[in-house]
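Novice: Build the full structure now, drawing on both the sequences and the hints.
First to last, the protein sequences are chains G and W.
For the first sequence, counting from 1, position 43 maps to 43 in my numbering; every step adds exactly one.
In short: position in the second sequence from 1, add 356, done, that's my numbering.
Note that these hints are calculated values from the structure, not bench results.
There may be inaccurate statements among the hints.
As the list claims (entries may be wrong) - Derived pair list, reagent style DSS-like, types lysine-lysine, alpha-carbon separation capped at 25 angstroms:
id, chain 1, residue 1, chain 2, residue 2
1, W, K518, G, K158
2, G, K153, W, K622
3, G, K53, G, K281
4, G, K235, G, K53
Stated by the list, open to error - What the simulated footprint calls covered on chain G by chain W, stretch by stretch (three residues with Cβ under 8 angstroms from a Cβ of chain W suffice, anywhere in the stretch; the number is not a length):
id, stretch
5, 167-175
6, 183-190
7, 257-271
Stated by the list, open to error - Between beta-carbon pairs, the in silico distance windows are:
id, chain 1, residue 1, chain 2, residue 2, range
8, W, A507, G, R177, 31 to 37 angstroms
9, G, R177, W, L530, 43 to 49 angstroms
10, W, P512, G, S200, 44 to 50 angstroms
By construction, the Cβ of each residue, glycine as well, lies at the ideal position given by its N, Cα and C atoms.
Chain by chain, the residues:
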Amino acid sequence: MVLMVLLRRFNAVILLIASLALVACAGDGGGVQSQKMATIKARGSLLCGTDGKLPGFGYVDSDGRYAGLDVDTCRAVAAAMLGDGEKVQFRDLNPSERFAALSSGEVDLLARNTTMTLSRDAPGGNGLSFAPTTFYDGQGVMAPSASGIRELKDLAGKPVCVPSGTTSELNLADRMREEGIAYTPLKFQTLDQMWTAYFSGRCAAVSTDRSQMAAYRSILPQPALHSLLPVVMSKEPLTPSTINADPAWADAVRWIVYGLMQAEELGITQANLEAKLAEAKANPNQAELRRFLGVEGEYGRQLGLPADFVVQAIRAVGNYGEIFERNLGRDSKLKLDRGMNRLWTQGGLIYSPPFR
Amino acid sequence: MSSGVTPWWRNRRLIPWLLQAVVGLVVLVLVAFLLGNLVRNLTNAGLLLTWSWLGNPSGFEISETVIPFDASMPYWRALMAGLMNTLRVVLFGLFGATLLGVAVGTASFSSNGLLRLLSRIYVELIRNIPLLLQLVFWYFVVFLSLPNGAAALQMPGVVLAKSGLYLSWFDSALQWQLPLLENGVWQAPLRISVEFAALLSGLVIYSGAFIAEVVRGGIASVPKGQWEAATSLGFSPLLTLRRIVLPQALRVIVPGLNSQYISLAKSSSLAVACGFTDLYSVAETTLNQTGRAIEVMLILLGSYLVIDLVISALMNGLSGLVQLRER
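Specialist: Okay, here's the thing in structure tokens:
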């Protein structure tokens, strides 16, 4: 009993210190109380969970540097919060580890081509808080061009490789059950294992996100030997996430990501950022631009971020369009079309609510 | 002996009991504190243990099962199917590894020098390479490079193809049925997936090396005089081994085998490296779909614990049977 009392007192002391620290931080956070943001600021770096092996989204490039759409999301958040896009520690996570890593605090932010779903969002499910979707994808099927597999029916009785513990596994099972096609799923814990099994011919086809299949096909010596089936069997909005328990932190991440999209809409790029900033500072009539870039207004303070958080993020990684083209689009090996991932003004789904 | 009652603090019966009780109490308080802390923190994090999800439809398929399973069945059934797959590979693995280990272990006492050398090479090569690497080797290098269709390796009654191993067996009409090639696809009464075959090969060959060493140690523990006595009575070497040496060696071998068997059962969870859907693989998918990490981990821990305790209990029973009984 004595032990319990002592420990309870010890807990009380810790709580007191923590609350003092919170009060101290509240000074520059404009009343925003976020334990996560206080921790990140104290640590001086952002812990970001990425795939680490997926070209275009999160992987280590030939220079030994992390690159990809998800990686740039992490850098944007680090830059907005800490003023430096390099203040990120990346953690490679496999699909099975990712949610446990986030909920246990091993990472602050999960940007690891993760599909937003109800059960992952709900407090009674995984309890995540999703930021805006950074890539709209759909699940497809890829098969060797010479195999004669053209539609799902051709997969009857055949083995199909799927990544274990992903929405791909469930979507395929649902769709095949709906259409009454019996098949054999072969599950692999890592994508490397799955792709090795597929390329060695163990599976008649492979089924996962279409962008991912295009990415893997792009690094093959002869990409034309494999073809994507026209079937799109699911919606896969790939979305960064944080824990539900810290809404202020989730809001900060949400609006940093929206900032990247809004910047593209306003035509602010990494190249013309300084010119735009100077223009905003010089011209008091440019009210929208001035507020967006933090020259005036309180957007940053309301979120518990520096006033110029959007400027810092764009300076580090550029606007959404630049991030897309560099990692997945015309400036990358993948050469993906922007498709649904165009701005809403160009008929796409990328849409930022007003900065107001 | 002085008069009066012995004070309690000098009571030689009471003191050990009292000490035990105090230690027991401290341990109990510590456990209670840790458990209480766990429950409190889990409640705060909204992660309190619940089990109702076990009855929800799983929604995923399992490629090969011993018991019937499809995606409309609940999670507990999926976990059960995974457990059955684990038990299947463990049982076959124990059987194969024991046969191989005993053969190689006795071969190291052979009068044939080449056989002795081969058994040493096998043991030293296999036991010094991590099991995970061996499994990856068996699956991706050996089994996945098998040809398919008409080009498959054909032996009398057995066909080795990338799509699986096809064995002859009695068909439904009790006719002996050989593997047949129909429209480029092999058909046979018995089909073993390459994932299962790779896992089993890896486990048998890896554990076989350790069991061979246990067997070798057991045989070496039998005094040389036993061999000589049997030989002078006209026993052949094989008969000496079977009737004189092995029964005595078993006393040393069985406890050593116990830990090898337990380690094989635990190692079967590496199935995930070669695409075989065992208990661990199903649990991982379940964890991902439900988000119930702690519950799934508890089920996983409990299952492997029970499997290993059962193996251990059986082996201890066996050990009691082969011990020297003095009359």
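Novice: Evaluate each hint against the coordinates.
Specialist: Evaluated hints:
1. W/K518 <-> G/K158: holds, 13 angstroms
2. G/K153 <-> W/K622: violated, 39 angstroms
3. G/K53 <-> G/K281: violated, 42 angstroms
4. G/K235 <-> G/K53: holds, 23 angstroms
5. 167-175: The restraint on the stretch 167-175 of chain G holds, since 4 of its residues have a Cβ under 8 angstroms from chain W and three suffice.
6. 183-190: It holds: at least three residues are needed, and the stretch 183-190 of chain G offers 7 whose Cβ sits within less than 8 angstroms of chain W.
7. 257-271: violated (count 0)
8. W/A507 <-> G/R177: 31 to 37 angstroms: Given a distance of about 34 angstroms, which is inside 31 to 37 angstroms, the answer is holds.
9. G/R177 <-> W/L530: 43 to 49 angstroms: Between G/R177 and W/L530, where Cβ atoms are some 35 angstroms apart, the hint is violated.
10. W/P512 <-> G/S200: 44 to 50 angstroms: violated, 27 angstroms
Checked against the numbered hints above, the structure violates hints 2, 3, 7, 9 and 10; every other hint is satisfied.
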